[in-house]
Amino acid sequence: MNIALDPSAISTAITRLADQIFLAADGNEVDLVGIRSRGDEVAERVYEILKEKGAKVRLGVLDISLYRDDYEHFSSNPTLQSSEIDFPVDGSHVVLVDDVIFTGRTIRAALDALFDYGRPAKVDLAVLIDRGHREIPIEPRFVGKSLETDRMDRVDVSLQKTDGKESVGIITQ
Amino acid sequence: MARKDFLDIVSLDRAEIIHLLDQAVPFKDLFTRSVKKVPALKGKTVLMLFYEPSTRTLSSFEVAAKRLSADVTIFDVPHSSVTKGESVRDTIDTLQAMRADYIVVRHRLSGQPAAIARQTNASVINAGDGAHAHPTQALLDAFTLREVHPQMEGRKVLIMGDILHSRVARSTSTILKKLGVEVAFCGPGSLVPQTRFRRFTNYEEAMKWGPDAVYLLRVQKERQDAPFYPSDREYHSVFGITEERLKRISDKGIYVMHPGPINRGVELCDAVLDYERCLISQQVENGIAARMAVLFGLKPGLENEIS
Amino acid sequence: MNLFLKGGEVATENEAPQRADVWIADGTIKAVEVMDAPKGARVVDCSGQIIMPGMFDAHVHFREPGQEKKETILDGTEAAINGGITGVVMMPNTSPSIDSPTVVKRVLDQGARCRIPVLTSACITVDRKGHEMAPIAGLKEAGILMLTDDGDAVPNAALLKRAMEYSTEFDMFFASHCEDPQLCGPRALNEGPVSYRLGIQGTPALAEEICMDRDIRLAHATGATLHIQHVSSEIGMETIRWWRDERGAKVSGEVSPHHLMFADEDIGDYNTHYKMNPPLRTREDNTALLQGLKEGVFRIIATDHAPHTGFEKSQAFVDAPNGITGLDTALVSLHDRFITTGEFGWDLIVKRYSAEPRRMMRLEVAEVAEGKPADLIVFDPNKETTFTKEFMKSKSSNTPFLNKTLKGSVEIVVLGDQILLER
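Residue numbers (numbering that gives the first Met the number 0), protein chains in the order written: chain A, 0 to 172; chain B, 0 to 306; chain C, 0 to 422.
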């Protein structure tokens, strides 16, 4: 595995995301919604930075297991966790946060899930890593770091709270 | 957990039960949203095959399946008591041709869902068979009890009424035992068989045992071909929750549960329904979440173990 | 036929097997002793094998007439030969019931076409309905000795009492399937923890015991001779012992291999191969019945061979019919479970499964002895038998031994001048 980002590079990328979102919010309220799993941890860290900057920000977590279209590929269905969105999303400015964007299908499922909670005024997308190879027309507005990868490569993200260590690696097939 | 069918509680291990209870939590969370539906089972077909009339369980499964975006078909089967094996088998062949993914079965004969499960690749869910099992009821009961007593180990539940003919008593006592809950049965001597559980045939004695919850069963007169107690009135006075008994239950903060439908004036008096620790409507709501968790957790088309 | 069975051990009802060679010619046993092979005889090496009389099963259900898709008389007798059995007594619950000289004749004519003798019992009451007496004198004339409504008890004690009083004149005996019709419930399995777990109303042992006591009292009072069929519980067995030993009642008992070997807990998850009537009871009953067999409480072993089709047995447990096949498997399973473990010896098997049932039916006892008609089998205790559908000759395969491999093998069956089986 090639290490693409070390802990300090990850921190830098998260800070970069926070800065972009802060600018875009322009003093208005913004709701970060992290996608399980690891998107929630990225969102939480962005949230902490935005809080420090004095932004008006709320934090939620979205579990999209029930919205996936690839159950057939598993021997048993995924373990569910609750979504935690304690604020009404109707009319709000939501920033979906995920760790990696690849084909875009996860984000499509997340949009479906989000819209079942209500009707946000605006939805943006923030990702820690953009590794390319989109299969559907979904693009992030905020990107922490773009990586060059092959279609068959695997991008492995570990974050402190979820995995007990910090790294982003590329595994070449 | 990769399981084709959901037929009873006995064959589940503790870890599987806890997994299902945990899975039911996010489903219950959905009920507070404006859109209560998720696309998890989009394009799947759930067939309801009820050989015994049941409005409550049928509706609960129907709502659960629809909230998972499955297509639901209620297959009209005669409710006569003479439905023999031959016609059940023909029906299953028909359903197999319809390529149902899930078949929810209720039947008056113990073991019929298991026999059906052996004949089809669809996932078979037992919605109650004879006096054998009612595993989704057990799951929702355990879920409901866990909501009020998150620490279940060592809690005591007294199951009261017609234990002999009750599939609920069998499945719910089994799931509670697997979760570390102490279970005892109470009822008329003619309706409480000797089992591995503590047995009371006297209400006062049973209450001295100190239950955290009293689980009342419907006294199922329609299933009894011979009288097991003299009259409903006598049952109520000896084993029913009368207003006076409710007062003592309330003083001790004991929860009351019931699988429904209730027999007012037999196993309980009207006032029980207004008691703040009566969990009956909570059980109904949790039934949908528990059944969603079961539907979501099964894998139709898995290799049939028994050919 | 001129056959010399060399090197085997001969089993009798009175003692452990003794080393002896057996020479059979022209349907007669010419010699039983250690000797050289006679000139011209075909020599079969039987070293390490047991030579004993053919078994006799006094309780079988062949489904002819009426339900030939389960079993015909011909299939049934072939299954018997396959299991080392050279004589059977049919039960009368066919369709129509064997309750008249006409049906008796039809059954016996069919039986006469088979390779072993087929006897039949006949009903006590017309069509086993328990309402009116069957034509008992006519049945006697047609060759009937055993009267039974097997499959059900005679529910009306007064009627049974009168039938017993009436039959004394004709020197017949009664065989009772014991079961109180009110207490027995749906007749699916034993009442106890297993019936509770499976949610099916159980049949308590006392339903059988009460009826057994009733029938023995009636026989004792009327002077009738009574045989109690397929005893399944310890108290039932003790009931027979008490009446016989303490009161001198003319009563005998029968035990089936499955009631010695299996218990209700073997049903597991609704396995209909363990569904029979009387139902399997408990492990404690198994032990008690085995002890009773050793102590001579049971006069005979009989299979209650009851074939049913695969479809019938694939139904839900309550709907599936009661019964288990036994002729193909009985002898090998008794060897596997009890002889190899030292519970009892071959003498017990010969006595209880060959000699006594023939005496009960007033037949000449088959013996491996000089001058006797050839009616014998060779059993190899060191070989194994796998009871596949193909191996078993019964038309049905509703047995827990299906596809199981057991110790022992019936190698040769000789009856009269015929070798009926040679593997």
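Quick caveat, the hints were computed from the structure, so don't treat them as lab data.
It should be emphasised that the depicted structure is a prediction, and the values quoted were computed from it without experimental measurement.
We put the beta carbon where it would ideally sit given N, CA and C, even for glycine.
The reader is advised that the hints may include incorrect statements.
Stated by the list, open to error - Here are the simulated BS3-like pairs of lysine-lysine, each with C-alpha atoms no more than 25 Å apart in a straight line: (1) C:Lys29 / C:Lys249; (2) A:Lys121 / B:Lys36; (3) C:Lys68 / C:Lys38; (4) B:Lys251 / B:Lys298; (5) A:Lys121 / B:Lys177; (6) B:Lys36 / B:Lys298.
To be verified - Pairwise CB distance ranges (calculated): (7) A:Ile137 / B:Phe74: 49 to 59 Å; (8) A:Glu28 / B:Thr31: 15 to 25 Å; (9) B:Asp92 / A:Pro87: 44 to 54 Å; (10) C:Ile418 / B:Arg195: 18 to 28 Å; (11) C:Phe343 / B:Glu203: 51 to 61 Å; (12) C:Gly6 / B:Asp92: 48 to 58 Å; (13) B:Arg88 / A:Gln172: 28 to 38 Å; (14) A:Arg57 / B:Lys246: 28 to 38 Å.
Hinted pair, alpha-carbon criterion (25 Å max): A:Lys121, B:Lys177. Please report holds or violated. violated, 48 Å
Verify the CB-CB distance for B:Arg88 and A:Gln172 against the hinted window 28 to 38 Å. violated, 49 Å
With the threshold set at 25 Å, check whether the alpha-carbon distance from C:Lys68 to C:Lys38 stays at or below it. Cα-Cα ~48 Å, so violated.
Pairwise beta carbon distance, C:Phe343 to B:Glu203, judged against the given window 51 to 61 Å: Once the Cβ atoms are compared, 54 Å apart, the range 51 to 61 Å for B:Glu203 and C:Phe343 holds.
Is 49 to 59 Å respected by the C-beta to C-beta distance linking A:Ile137 and B:Phe74? violated, 41 Å
Between A:Glu28 and B:Thr31, is the Cβ distance one that fits in 15 to 25 Å? Since the Cβ atoms of A:Glu28 and B:Thr31 sit about 23 Å apart, the hinted range of 15 to 25 Å holds.
Given pair status - C:Lys249, C:Lys29, alpha carbons within 25 Å: Cα-Cα ~38 Å, so violated.
Is it true that C:Gly6 and B:Asp92 lie within 48 to 58 Å of each other by Cβ? Between C:Gly6 and B:Asp92, where Cβ atoms are some 57 Å apart, the hint holds.
Would you mind confirming whether the straight-line C-alpha gap from B:Lys251 to B:Lys298 stays at or under 25 Å? Roughly 44 Å separates the two Cα atoms, so the pair is violated.
Holds or violated: A:Lys121 with B:Lys36, Cα cutoff 25 Å? Cα-Cα ~22 Å, so holds.
Please check whether C:Ile418 and B:Arg195 have a Cβ separation lying inside 18 to 28 Å. The hinted range 18 to 28 Å is violated for C:Ile418 and B:Arg195, with Cβ atoms some 56 Å apart.
Using the Cβ atoms, figure out if B:Asp92 sits within 44 to 54 Å of A:Pro87. holds, 51 Å
Checked against the numbered hints above, the structure breaks hints 1, 3, 4, 5, 7, 10, 13, 14 and satisfies the rest.
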